[in-house]
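Peer 1: Sequence:
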Amino acid sequence: MEELVVRKFLDVEASMSDVWDALTNPEKTKKYMFGSEVESDWEVGSPILWKGVVDGKEVIHLKGVVEEIEPGRMVRYSCFSPASGDEDDPSNYTHVTYELSERDGRTLLSVSQGDFSKFTDGEIRFNHTIEAWDAVFLALQELLEGR
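Residue numbers (the working numbering): 44 to 190.
Read the hints as simulated data drawn from the structure, not as lab findings.
Everything numeric in this text was worked out from a predicted model, so none of it was measured.
Just so you know, not all the hints are guaranteed correct.
[Stated by the list, open to error] Beta-carbon label-pair distances, calculated as ranges: (1) A126 to K161: 17 to 23 angstroms; (2) V102 to R149: 22 to 28 angstroms; (3) E101 to S127: 14 to 20 angstroms.
[Claimed, not checked] In silico SDA-like cross-links for lysine to any residue, where the CA-CA straight-line distance does not exceed 20 angstroms: (4) K51 to Y75; (5) K106 to G157; (6) K106 to S155; (7) K73 to T172; (8) K73 to K161; (9) K94 to A65; (10) K71 to W85; (11) K94 to R119; (12) K71 to F180; (13) K51 to E185; (14) K161 to A65; (15) K100 to E86; (16) K106 to D54; (17) K51 to D131; (18) K73 to E46; (19) K71 to V48; (20) K73 to R146; (21) K106 to L151; (22) K100 to S79; (23) K73 to L53; (24) K161 to V179; (25) K51 to S153.
In this text, a Cβ means the ideal position worked out from N, Cα and C, and glycines have one as well.
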């Protein structure tokens, strides 16, 4: 089967350091990532958790491990949704990469996530992930550009 990797790009009027802060600061992720706060020390091999509150209880929406990082420029991490119903096994994780570059006082954020082709319902997950990143990018741009 052909790879199913979501690739999204956001050209935002903000510095790379501001975009990086928005991606790694739990107070900011909460504002655009469906109410979830990211928790990590951002070291290779360290856990990364996306936590939120549902019905008054803390819930881990996504979890993974930081696989590669160049602070301020790039991070790659594994990603698993405990709500997926899948076994918490590395074969059931996708991989997410954020890459930042600066051009004319603007920042280009590139995000990729996949490969969804390994899942039985991979095409459905792929399409849901596209919709989710579209919503995240809209809210992230509003946060960064103060709209």
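Peer 1: Now tell me, hint by hint, if it's right for this structure.
Peer 2: Hints versus structure:
1. A126 to K161: 17 to 23 angstroms: Given about 18 angstroms between the Cβ atoms, the range holds.
2. V102 to R149: 22 to 28 angstroms: 35 angstroms, violated
3. E101 to S127: 14 to 20 angstroms: With a Cβ separation near 19 angstroms, E101 and S127 satisfy 14 to 20 angstroms, so the hint holds.
4. K51 to Y75: 16 angstroms, holds
5. K106 to G157: 15 angstroms, holds
6. K106 to S155: The hint holds at about 16 angstroms.
7. K73 to T172: 18 angstroms, holds
8. K73 to K161: 30 angstroms, violated
9. K94 to A65: Roughly 16 angstroms between the alpha carbons, so the hint for K94 and A65 holds.
10. K71 to W85: 16 angstroms, holds
11. K94 to R119: Within the cut-off at roughly 19 angstroms; holds.
12. K71 to F180: Distance of about 13 angstroms is within 20 angstroms: holds.
13. K51 to E185: 17 angstroms, holds
14. K161 to A65: Not satisfied, since the Cα-Cα distance of roughly 31 angstroms exceeds 20 angstroms.
15. K100 to E86: Violated, at about 28 angstroms.
16. K106 to D54: Roughly 27 angstroms separates the two Cα atoms, so the pair is violated.
17. K51 to D131: 26 angstroms, violated
18. K73 to E46: 30 angstroms, violated
19. K71 to V48: 26 angstroms, violated
20. K73 to R146: Violated - the C-alpha atoms of R146 and K73 are around 27 angstroms apart, more than 20 angstroms.
21. K106 to L151: Measuring from Cα to Cα gives roughly 25 angstroms; hence the hint is violated.
22. K100 to S79: 13 angstroms, holds
23. K73 to L53: Holds, at about 19 angstroms.
24. K161 to V179: Violated - the C-alpha atoms of V179 and K161 are around 24 angstroms apart, more than 20 angstroms.
25. K51 to S153: Roughly 6 angstroms separates the two Cα atoms, so the pair holds.
Checked against the numbered hints above, the structure violates hints 2, 8, 14, 15, 16, 17, 18, 19, 20, 21 and 24; every other hint is satisfied.
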